[in-house]
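*Asks:* All chains, please: the whole structure from these sequences, using the hints.
Under our numbering, think of the first position of the sequence shown as 32, with each following residue one higher.
Think of the hints as simulated: they come from the structure by calculation, not from any bench. A couple of the hints might just be wrong.
Said to hold, decoys possible - With a straight-line Cα cutoff of 25 Å, these simulated SDA-like cross-link-like pairs (lysine to any residue) come out: (1) 146 x 221; (2) 64 x 211; (3) 177 x 66; (4) 211 x 139; (5) 177 x 208; (6) 211 x 142; (7) 282 x 212; (8) 170 x 133; (9) 201 x 243; (10) 177 x 243; (11) 177 x 97; (12) 227 x 32; (13) 64 x 95; (14) 177 x 45; (15) 77 x 91; (16) 77 x 196; (17) 90 x 169; (18) 201 x 256; (19) 170 x 47; (20) 211 x 289; (21) 221 x 258; (22) 227 x 151; (23) 122 x 41; (24) 201 x 234; (25) 221 x 165; (26) 227 x 276; (27) 64 x 116; (28) 211 x 276; (29) 122 x 61; (30) 90 x 209; (31) 122 x 251; (32) 282 x 149; (33) 221 x 208; (34) 177 x 151; (35) 77 x 194; (36) 90 x 145; (37) 170 x 148; (38) 77 x 142.
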Amino acid sequence: MIEIRDVNVIRYITPLREGGSLPALAEGDDEFKYVIKFRGSGHGSKALVAELIGGLTAKALGLRVPELVFAHLDEAFGRTEADEEIQDLLKGSRGLNIGLHFLTSAVTFDPVACKVDELEASQIVWLDAFLTNVDRTVKNTNMMVKFREIWLIDHGSTLYFHHTWDNWQKQALSPFSLIKNHVLLPFASKLDEVDKEFKKILTPEMIGEIAAVIPDSWLEWGEGDENPGQLREVYRQFLLTRLENSEIFIKEAQHARENII
Numbered sequence: 032m033i034e035i036r037d038v039n040v041i042r043y044i045t046p047l048r049e050g051g052s053l054p055a056l057a058e059g060d061d062e063f064k065y066v067i068k069f070r071g072s073g074h075g076s077k078a079l080v081a082e083l084i085g086g087l088t089a090k091a092l093g094l095r096v097p098e099l100v101f102a103h104l105d106e107a108f109g110r111t112e113a114d115e116e117i118q119d120l121l122k123g124s125r126g127l128n129i130g131l132h133f134l135t136s137a138v139t140f141d142p143v144a145c146k147v148d149e150l151e152a153s154q155i156v157w158l159d160a161f162l163t164n165v166d167r168t169v170k171n172t173n174m175m176v177k178f179r180e181i182w183l184i185d186h187g188s189t190l191y192f193h194h195t196w197d198n199w200q201k202q203a204l205s206p207f208s209l210i211k212n213h214v215l216l217p218f219a220s221k222l223d224e225v226d227k228e229f230k231k232i233l234t235p236e237m238i239g240e241i242a243a244v245i246p247d248s249w250l251e252w253g254e255g256d257e258n259p260g261q262l263r264e265v266y267r268q269f270l271l272t273r274l275e276n277s278e279i280f281i282k283e284a285q286h287a288r289e290n291i292i
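*Replies:* Encoded structure:
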């Protein structure tokens, strides 16, 4: 059973303005610092669902991801914030958000300066093709390096099918052509090997456990008649369908790699 700790956010430290969703560095009541993703941001709780599923999937596959926590914002939190944009964000984010443990002393991954193992590169490319992650490019790698180890951060741009929610069955079978922009694709020479390994790890039971962790409050969108349980089931079925048909996105990634090496 997957367990995620709960923390209360007690101090807003600084906004992290690299992205459009205004994540922030904050302190929890456990005295650790976290990068908080807010449900009041532009993509709302869907970005939190993507962050949660992406991080838990990566962790299940043995990749390095900062600890994920459920971050609670009290109703009074942020009232003294001087920046009106940030204050509005915090007001709209009261309740349950998501946090990633802050990686002290880590630096942004540089594909020129950092040597990447071909197996690890293939694992990360497989993960991002599986989750349809559009945001692991040279421009924005969303990877950190600490003690020469790669850590994956920011999975909020995965599972982009849920922003339209139209014909998700068809989107689950997408080859994901945007994998051609992946920063590690040139090094991903072992995709077939990784595919066999990862399909043994990501059992239907494991995918079911990951989907089950999504909080009900993040699945109350008011866009249709589906209740949280039905939406949670769509995520589970989407992931299962992509996994069962992984040869589609593997072939696409291999073809894209052949065109750039």
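*Asks:* Compare the structure with each hint and give your call.
*Replies:* Right, here's what the structure says about each hint:
1. A hinted pair counts as satisfied when its Cα atoms are at most 25 Å apart, and residue 146 with residue 221 qualifies at roughly 16 Å.
2. The hinted pair formed by residue 64 and residue 211 fails the criterion: a straight-line CA distance of about 35 Å is larger than 25 Å.
3. The straight-line distance between the Cα atoms of residue 177 and residue 66 is roughly 16 Å, inside the 25 Å bound, and the hint therefore holds.
4. About 21 Å separates the Cα atoms of residue 211 and residue 139, which keeps this hinted pair within 25 Å; it holds.
5. The straight-line distance between the Cα atoms of residue 177 and residue 208 is roughly 30 Å, outside the 25 Å bound, and the hint therefore fails.
6. With a C-alpha separation of about 16 Å, the suggested pairing of residue 211 with residue 142 holds against the 25 Å cut-off.
7. Restraint check for residue 282 and residue 212: the C-alpha separation of about 15 Å stays at or below 25 Å, so the hint holds.
8. A distance of roughly 22 Å separates the Cα atoms of residue 170 and residue 133; the hinted pair therefore holds under the 25 Å criterion.
9. Between the alpha carbons of residue 201 and residue 243 the distance comes to roughly 23 Å, so the proposed pair stays at or under 25 Å and holds.
10. Distance check on the hinted pair: residue 177 and residue 243 sit about 31 Å apart at the alpha-carbon level, beyond 25 Å; violated.
11. Annotation: proposed proximity of residue 177 to residue 97 holds, straight-line Cα distance about 11 Å (limit 25 Å).
12. For the proposed pair residue 227 and residue 32, the alpha carbon gap of about 24 Å is at most 25 Å, so the pair holds.
13. Taking the CA atoms of residue 64 and residue 95, the gap is near 18 Å; set against the 25 Å cutoff, the hint holds.
14. The suggested pairing of residue 177 with residue 45 holds, with an alpha-carbon distance near 22 Å, which does not exceed 25 Å.
15. A C-alpha spacing of about 21 Å is found between residue 77 and residue 91, which places the hinted pair at or below 25 Å, so the restraint holds.
16. As the CA atoms of residue 77 and residue 196 are separated by approximately 11 Å, the hinted pair is consistent with the 25 Å bound.
17. At roughly 23 Å between alpha-carbon atoms, residue 90 and residue 169 fall within 25 Å of each other, so this suggested pair holds.
18. Between residue 201 and residue 256 the alpha-carbon distance is near 20 Å, which keeps this suggested pair within the 25 Å criterion.
19. Taken as a hint, the residue 170 and residue 47 pair is honoured in the structure, with Cα atoms around 17 Å apart against an allowance of 25 Å.
20. At most 25 Å may separate the alpha-carbon atoms for a hinted pair to count; residue 211 and residue 289 meet this at roughly 10 Å.
21. Between the alpha carbons of residue 221 and residue 258 the distance comes to roughly 40 Å, so the proposed pair goes past 25 Å and is violated.
22. Distance restraint check for residue 227 and residue 151: the Cα-Cα separation of roughly 14 Å lies within the 25 Å cut-off, and the hinted pair is therefore satisfied.
23. Between residue 122 and residue 41 the alpha-carbon distance is near 14 Å, which keeps this suggested pair within the 25 Å criterion.
24. Pair hint residue 201 plus residue 234 holds up; C-alpha atoms about 22 Å apart against a cutoff of 25 Å.
25. Of the pairs offered as hints, the one joining residue 221 and residue 165 holds, with about 21 Å between alpha carbons and a cut-off of 25 Å not exceeded.
26. Our distance criterion of 25 Å between C-alpha atoms is met by residue 227 and residue 276, whose separation comes to about 12 Å.
27. Simply put, residue 64 and residue 116 have alpha-carbon atoms about 22 Å apart, close enough for the 25 Å limit, and the pair holds.
28. Under the criterion of a C-alpha separation no larger than 25 Å, the hint pairing residue 211 with residue 276 is consistent with the structure, at around 19 Å.
29. The hinted pair formed by residue 122 and residue 61 meets the criterion: a straight-line CA distance of about 22 Å does not exceed 25 Å.
30. For the proposed pair residue 90 and residue 209, the alpha carbon gap of about 23 Å is at most 25 Å, so the pair holds.
31. Under the criterion of a C-alpha separation no larger than 25 Å, the hint pairing residue 122 with residue 251 is consistent with the structure, at around 18 Å.
32. Note on residue 282 and residue 149: the hinted pairing holds, with a Cα-Cα distance of about 17 Å set against a maximum of 25 Å.
33. Distance restraint check for residue 221 and residue 208: the Cα-Cα separation of roughly 19 Å lies within the 25 Å cut-off, and the hinted pair is therefore satisfied.
34. For the suggested pair residue 177 and residue 151, the alpha carbons sit about 15 Å apart, so the restraint of at most 25 Å is met.
35. Proximity of residue 77 to residue 194 is assessed by CA-CA distance (about 8 Å); at most 25 Å being required, the pair is judged to hold.
36. Distance check on the hinted pair: residue 90 and residue 145 sit about 22 Å apart at the alpha-carbon level, within 25 Å; holds.
37. For a cut-off of 25 Å, the pair hint linking residue 170 to residue 148 stands: about 21 Å separates their Cα positions.
38. Under the criterion of a C-alpha separation no larger than 25 Å, the hint pairing residue 77 with residue 142 is inconsistent with the structure, at around 30 Å.
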